[in-house]
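Visitor: This is what each chain is made of:
There are 4 protein chains.
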Amino acid sequence: MELGMVGLGRMGANMAERLVKGGHKVSGFDPNADARKAAEANGIAPAASLEALAKALPAPRVLWLMVPAGKITDDTVNTLLPLLAKGDTVIDGGNSNYKDTLRRAQLYAGHGLGYVDCGTSGGVWGLKEGYSMMIGGDAKTVEALRPIFETLAPAKDQGWGRVGPAGSGHYTKMVHNGIEYGMMQAYAEGFSILKHKEEFGLDLHQVGEIWRTGSVVRSWLLDLATDALGKNPNMDGIAPYVVDSGEGRWTVDAALELNVSAPVITLSLMERFRSRDDDSFADKLLSSLRNEFGGHAIKKE
Amino acid sequence: MELGMVGLGRMGANMAERLVKGGHKVSGFDPNADARKAAEANGIAPAASLEALAKALPAPRVLWLMVPAGKITDDTVNTLLPLLAKGDTVIDGGNSNYKDTLRRAQLYAGHGLGYVDCGTSGGVWGLKEGYSMMIGGDAKTVEALRPIFETLAPAKDQGWGRVGPAGSGHYTKMVHNGIEYGMMQAYAEGFSILKHKEEFGLDLHQVGEIWRTGSVVRSWLLDLATDALGKNPNMDGIAPYVVDSGEGRWTVDAALELNVSAPVITLSLMERFRSRDDDSFADKLLSSLRNEFGGHAIKKE
Amino acid sequence: MELGMVGLGRMGANMAERLVKGGHKVSGFDPNADARKAAEANGIAPAASLEALAKALPAPRVLWLMVPAGKITDDTVNTLLPLLAKGDTVIDGGNSNYKDTLRRAQLYAGHGLGYVDCGTSGGVWGLKEGYSMMIGGDAKTVEALRPIFETLAPAKDQGWGRVGPAGSGHYTKMVHNGIEYGMMQAYAEGFSILKHKEEFGLDLHQVGEIWRTGSVVRSWLLDLATDALGKNPNMDGIAPYVVDSGEGRWTVDAALELNVSAPVITLSLMERFRSRDDDSFADKLLSSLRNEFGGHAIKKE
Amino acid sequence: MELGMVGLGRMGANMAERLVKGGHKVSGFDPNADARKAAEANGIAPAASLEALAKALPAPRVLWLMVPAGKITDDTVNTLLPLLAKGDTVIDGGNSNYKDTLRRAQLYAGHGLGYVDCGTSGGVWGLKEGYSMMIGGDAKTVEALRPIFETLAPAKDQGWGRVGPAGSGHYTKMVHNGIEYGMMQAYAEGFSILKHKEEFGLDLHQVGEIWRTGSVVRSWLLDLATDALGKNPNMDGIAPYVVDSGEGRWTVDAALELNVSAPVITLSLMERFRSRDDDSFADKLLSSLRNEFGGHAIKKE
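Protein chains in written order, with this note's numbering: chain A, 1 to 301; chain B, 302 to 602; chain C, 603 to 903; chain D, 904 to 1204.
These are computed hints drawn from the structure, not numbers from a lab.
We put the beta carbon where it would ideally sit given N, CA and C, even for glycine.
Warning: the hint list may mix true and false statements.
Stretch by stretch, here's where chain A covers chain D in the computed footprint (C-beta under 8 Å, at least three residues) [as the list claims (entries may be wrong)]:
(1) 952 to 963
(2) 972 to 984
(3) 1018 to 1029
(4) 1059 to 1072
(5) 1105 to 1112
(6) 1152 to 1159
(7) 1165 to 1172
To give an idea of the interface, some chain A residues facing chain D are shown, with a C-beta separation under 7 Å as derived from the structure [what the hints assert, rightly or not]:
(8) Pro154
(9) Glu180
(10) Val207
(11) Arg218
(12) Tyr241
(13) Val243
(14) Val264
Go ahead and model the full structure; you've got the sequences and the hints to work with.
Guide: Now the structure itself:
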């Protein structure tokens, strides 16, 4: 097929490259000239603007957005709207909030345009191993894009599927990330408990290697954690500072809206908040309060 | 009544003083000569050793232990054993683990000695306001000590009681402290959420003052938190480092043994652990793992 | 002063009654005729509609809203808007989300109308004991209402105050409720751990009574819990089903927005969700999963 | 090699069978005659008692224990002690608490006997796929058992290793299970959040299938969860009742002893407690307390 990739950052460039290698014809736009140049070297026809990209594509156009969620996605969706014609389809492959997706899909539907949300997992490994894709949108529209998904996926019939109507792809990806937070935290806590048992002198990289084969906790995240522990067993030079990128908190929001208890996912997120606050007011107040009632000593800063 | 106070630290000295003021005759032992001297100034007859203390008391002897839980309590209990005679009673007013208490009470019962466990709450304020006391032990033995409890309590018939057999007093006090952890953490989180809402410029001391009267969350801990916020609104100079003294984790142990879910008490304890670890291995591994799968930047130390 | 009370349910009727007793002249509207009748018996002049109420009040009008948060508050605010004149003030004393309050205050400000948010705590006990009030809004507008707040509060100068600009009153009350959730859960867990220690045969009502005086965990919520345990020690006939009314989850939302870790408040909310789900899909899947990898028996429904 | 398997239940019988298939000579004891008979059919020489088993093995003897942790392991270890001779080795392949293991290893060392702890993961799938084994004990003793481990493992050099001194194998397996609890809970919460989003009508089995290939959350537990969801999408007939088998709570104990915060592992355990309590006293008290302060309706049983 032929499609236009909007956004040639790490994820977009990799996906475009995988599509080209799979025999698709790909044009690409990115506001950054270097990104366009790098993409061109990988067989992607560069376009200097969204207008140019829209013009370069044959009808019905297919555009894949791989841009940051939020305002930039909104801007792109709005800019593209008048450049497109009935029957064209836009796929949002980024990490958009599914509520934004619902709104955008409705907007596009009102103009006879297809709008598909594709939650994309696989990170930097997707170029080589393929991407896991959870897709939402009109069934017929999604079906028409099958060749694209089959190429991006790890295997023709594996790791992708239309899970439901507009929004459901991003919703499913959101929950995927919530689960990811919980799994990561479980491993981190476990390795920490091993690490602190100093009298056993455990080699965490070795433990990870053992677990990777045959154990109940084997997983791809464990493969990566083991790799990280092999390269840097004591995590030297790495700050205990963990970023979150939005989908974890949306998962918690969703749990709250649905009255679903999700303590592990929620706590995993909050531990990340805690990691970024090395001057916790709550803990200072607690220390102060212990002094108030018990006369306990306060550690000074 | 007449009794011997073993341990004249902050808590023991205050309790002895309150007993003297209440008309009781109190002797006291502490290995620290300064502590004995200070107690003497408050009307407590000092004894230079446990032997001397035992000799100074009329039969049947009553001894109140106010010493650190664990080894020191064990040493004291074992040293006293041969110094006592049938009918004497020892009260452990400290924060002993109730399992240790059960063991000690059994030992003493085997020698015809009374052993009473008294969980004591009230902290440094107890001298003036009285102590809340949860008492375990033989009913008749506890009843014989009534005048002591009536004096130490905030009021003759309030704030104290025999709650059950040996161990039950310390067990009840242990759970009391577990609840205390949960309450403290709830306030700390709440004030932290207020503090971080910078656009409202809230005066946390003022908020505490408002809540203290008429609100659902009014409590003694809130009175103290408000006082702390009045003296040091930004908690300047206080490290975000929160100590725990044992009873919180015993409460969690008890919950685990009984298969009772106690997430709030448990999390309150673990937040204290977290406050004391400013170089979390778990968080470093998480940051490293995010880099592994997503190529996300790692914050360097 | 003279004011109109909108909403004569449990809270509104009680507050109107306390104001009348405090010497204020109060008119009141409620769509329910019985509520109006009951209010009339307490000295409140009934109005059959918002129009009638607005007409009955002298300029500048003061109206106190005590209606359910959300749509009903919006409807009331919108209905009142054309009935009011420059200089009039509406106080929202209910549990509105502070973001709604910000929106409504801006709307009213655009029409030269005062809009004050008053987070009100005290529940059914407020009639007798007074209400704790956290107030947001323009300083001059709030000051003009001082006689009302002084009457509603537990004491003239206690338990109330303007904490900041529009929205800050409801924000502070929201966090108050979050703390309340955490405290309640801490007590519930603690009493549950005591209850399950069957060999001690503890009398939970007695324990509550002891703690109420002199202990570190004394509080008004403990007073009430003790009262409940006295009336129904085994909680006979009460379903383990705990409702939440919105402010807890808004507190969690606020924590998420501010990147503040608030594990105890959050878990307290989620435990309530869990209490209302007696057919947990998550737990069924867990049981099923244990069978998958370990061949462990599944409990059948 | 030649070895004796003690315990021919599900795990022991499978391991013995895998060893026989791998060319080892295996005798086996189980108190249950049917279990012995079934083992015999798989090429295992049955022994009717521990004495008979000890006699049947050539010196130096190697015995693998696959019996329930706790008293039965202690009984077996104690019964075997006088039947063994210097140079013999016992391997505890079960889920013993590492503290018990330390005690038993010391006992055996005092008699010149080898004692090796092998944390074994893989469940019912191990027969076919091999077992992941974390091994603690004297390096030379473990090395001598290499042929056994190479056969039981998924591959000669993968999925097993000596991680440290006596006790460290069981310790590592314990933490492995703690992580397992956290991962399982993360998946369960995620699928529950998907399930409750009814308007999307998601097919959870399909979602699992998509995630299994290429996604960040792919794992063996996800494979199994997906299989379970395929067989029983709505978990019909399965009670929301989740058992725990000891290692989760020992992991929490270890975290408490080491002052390590492990909220996700701990909460995962407590959610299991909660799942087994369909008449929560804590929740009844909460409901009652809401009624006390706010007059909120109580749901009756």
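Visitor: Each hint needs a verdict: does it hold in this structure or not?
Guide: Hint check:
1. 952 to 963: violated (count 0)
2. 972 to 984: violated (count 0)
3. 1018 to 1029: holds (count 4)
4. 1059 to 1072: holds (count 9)
5. 1105 to 1112: holds (count 5)
6. 1152 to 1159: holds (count 3)
7. 1165 to 1172: holds (count 6)
8. Pro154: holds, 4 Å
9. Glu180: Holds. Min distance 5 Å.
10. Val207: Holds, because the Cβ-Cβ distance from A:Val207 to chain D comes to roughly 6 Å (cut-off 7 Å).
11. Arg218: holds, 5 Å
12. Tyr241: Constraint on A:Tyr241 not satisfied, violated at 16 Å.
13. Val243: This hint is violated: A:Val243 lies away from chain D, its Cβ roughly 15 Å from the closest one there, beyond 7 Å.
14. Val264: For A:Val264, the interface hint holds, since the closest Cβ of chain D sits about 5 Å away, which is under 7 Å.
Taken one by one, the earlier hints fail for this structure at numbers 1, 2, 12, 13, listed in ascending order.
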